[in-house]
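Enquirer: From first to last, the protein sequence lines stand for chains U and R. Residues 114 to 318 in the working numbering are what the first sequence spells out, letter by letter. Residues -5 to 428 in the working numbering are what the second sequence spells out, letter by letter.
Just so you know, the hints here were simulated from the structure itself, not pulled from any lab data. From the three backbone atoms N, C-alpha and C, an ideal C-beta is built for every residue, glycine too. Just to be clear, a hint being listed does not mean it is correct.
Stated by the list, open to error - Just some of the chain R residues that point at chain U, by a computed CB distance under 10 Å: (1) P67; (2) L126; (3) G241; (4) C344.
Listed below are the residues making up each chain.
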Amino acid sequence: MTHLRVDLRQRAEELVALYPRPRSAMLPLLHLVQEQDGYVSPEGIDEVAELTGTTPADVRGTASFYDMFHLEPVGRYVVGVCTNIACLLAGGEELLAHASERLGCAVGSTTDDGLFTLEETECLADCGHAPCVTVNHRYVRTTTPEAFDAMVDEVRQGRRDHEIPDHGTLVRVRRNGGLRVPDEVIAAERAAAKAARARRLEEAG
Amino acid sequence: MAVLDAPRIVTSRLAYEDSHTLARYLATGGYEALRKALSMHPEQVAAEVDQASLLGRGGAGFPAGRKWSMLRPSEVAYLVVNGDESEPATFKDHLLVERDPHQLVEGVIIAAYALQVNRAFIYLRGEFALGLERVQGALNEAYDHGALGRDVFGSGFSLDVVVHPGAGAYICGEETALLEGLEGKRGFPRIKPPFFPAAQGLYGEPTVVNNVETMSNLPWIVLNGGAAFAALGAGRSTGTRLFALAGRVNRPGVYEVEMVKNTFRDLIYDPAFGAGVPGGRPVKAFIPGGVSAPWFGPDQLDLPLGQDEVGAQGSMLGSGSVVVLDDTSCAVRAAWRITKFFSRESCGQCTPCREGSGWIERAMYRLEHGGGRVEDLDLLLDLCDNIAPGLTWPPQQTTICVLGPSIPSSVHAAIEMFKDEFLAHVESQGCPFD
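Just chain R, same shape as in the assembly:
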């Protein structure tokens, strides 16, 4: 049974039509957390976040508190919010920027205060036209309210926040590519080291890059304390998390779920969440954390929704997207489409990713559409192995960023789990599901 008694930390205002306005935000406790934070020392605010064990909600799951502690002392430093949400089937940040932009803005101001940073940028994917309007609207209201600009609420702390539109590039979700986009360049991920923008980020200055959902958790954490947040969930996976549920379910959508206490089965089947598969059909497979994640079969449905729990089973919670395939879904077509996506979005800097993605996509295409050969299965695995040697989890890396090693996940999993289906495609020279 699903555990539903956790507080709504980031989705508490969604029932209101006007949830994006300052009036509604103030009427529901908005900017109280900021006032409280400003009464504390910056280090105390950071300590609360550290105690909360808030894992980054963008995909990598790196603890926000630790990221903050790595910020190199400097005359100039920046805070950048990653709202370039583009991992296929991930649509939680979209909800947060459109429906509760003030919560995001308050989180940004709190983080900037804790980090003692005076310039922040919110990078939103350019396709979020309404999101850009709403966040800019919230910033305008926050300035007028005294929560932004010079001398925030009379505290002596000043902050400017600029919303920056992307322009359609999945790779700009990678934090160093995002910084390139913010510098007005092609979104090429930067060569590591330095591994962390906290050492060398925007314009080479120390920069903290945090996800939209991560920021949106901060007002609650400051108001209720890091310990209260850490009391939810279990182990390293604390608090609640937004899961974007899509694919073959009756109620696709974004659900706030307490970490670890619930399982993938709860998320997919509970009437409060996905409410099962259409027609009562069986789950054939599911993708537990965005298309970069290896797939799971129905035998993993009872796995808890926790970062380490999923990691130990050879996949990841990643971006918080769960995609369900039922017995009417073609595994070859699904893996082909995911590879087509990576091939289209590869920035082209590294040969294994640029060439490998296209090569895999072409082989997958002919399997799905007629022309496939039995030896294509070995060819595909060999190509995957060239991109991420050993096909281990987490994957080995031959490229500048993790887009490359994400390519083999779906193809490798599909071949391992559904080899017969691949062979049936060869046999019938096309898709048996058509």
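Chain U on its own, in the form it takes in the complex:
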């Protein structure tokens, strides 16, 4: 019995198979754990360790380096408001303060009903729509307090769920099959290409 659901376990194994070394799948696998559990759970860490041939300590040590991985449970919707330079100049700090008041939770914390977690983020690379706001890493482009409030109401009522899926940045990413080129084919092609290049160099003198 794995901790990951059957479908996620299968996706996890497919991801591992895409890389020359299993450990390379660490970040995508942690995204999958977050997709299922909403955060990087201890059980998920154990399973990623097993899948990548590492230890739970290794996995936790890696996960803790990256901002997107939550090592504690968070709300169903993680709202990020950017206050970095472009957003600062467009009122990002004010919008973050408004978001905190509107949601009723301090920056970095979760609402009592477990619906929202509010984060102050660094630049999210959407500075043409500053201040930048994301919900579960979907850009919602609500740059004014009024637009923010309307968005929150819609999210609360579940009316944005088609465009704002639950946790997991890979929720809608599906690879159409695994690697198509076996290592032996690559080795043979490389040898042939090397020989062809040597011939061309020889012909060119």
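Please arrange chain R on chain U, whose structure you already have, making use of the hints.
Expert: This is chain R only, laid out in the frame that chain U set:
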């Protein structure tokens, strides 16, 4: 006057709603460049790119052709695309991966063929949820179309491309940290030497790491020739470049601009680009190439958008991000926020960066929020000098990677340019702009 007659090299499809689909891509000449490249010898393709003088569009501006030529011959080699775009106020690659993913994929296949590499990875920052969907979608379509996988278009060349999600770490834009992330580790930049992943990269094997925009230029270069690309721009800065314009402008956005032929004034004021500052207010300062770059004042507005032109004036074009401050913007607050960013994103390996960034951030915080002292100005400059001795440009380095020496840029520039404003903050024990 802005020069607007250059061809659109990487933004030609953005007018289409379905610009990310294979159908649109094929209808607009997509994958023709790949077919042409496959009819040439790999070295010929590399020679075209070398002739184009395509400078890397990620930030360092290293010539792509030269980077390729350094790839150590080996049984195994990799191509890695850096799509971890995180330099504050840089949002051009975001546009390219969401709106024209096939152009990126075609560029990757061309590069892999030129380098004779059979495995490539596209590392996208994890926050690009839609970008990850779009690039994976484009890869799926490319496989079905025969442009990827075994025996690409019947050429005998085979290639697998894997899209790899990051997970929120600015430092992973540094190419050796990115490789660590791709190996499933903490994003710690690697100790140099070796200086180039072309000698020792992913899993210790030779690896070429190129930026998303760099790759996206390749289809045009192959179709039109390196000479046509080099005919645009001037000097070493050839072709067009995407500039991400943000801050106090009427039309923030990403604009494709011919290099050197246009100036910062054109970019900020021309109706085709930024269309000026809101309310017609004056430009107080601007950051010419990402927050790692020293700031410029209005006296530099007529400087051409060229790598060497900006470098000679003591800053850099860097990641292609231009941020405008007007007379309502507080220089202390801006420099404080940038330092807070570096402090948060320092990986913590090197003492000058880890400790220095936090120390500078705290001093800047008290200046901005009350509690600042006149002697803080000397303290700040001393701290900056400890991270990048001499405060020269380009900066001296005391750390493994260039994040450290990027920290002093904004603080040093702000103190040099706006000392009176710092003193006013001390005088009023808080921000006079509040």
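Enquirer: Each hint needs a verdict: does it hold in this structure or not?
Expert: Outcome of the hint check:
no. : hint : result
1   : P67  : holds (8 Å)
2   : L126 : holds (5 Å)
3   : G241 : holds (5 Å)
4   : C344 : violated (16 Å)
Consistency note: the structure conflicts with earlier hint 4 alone.
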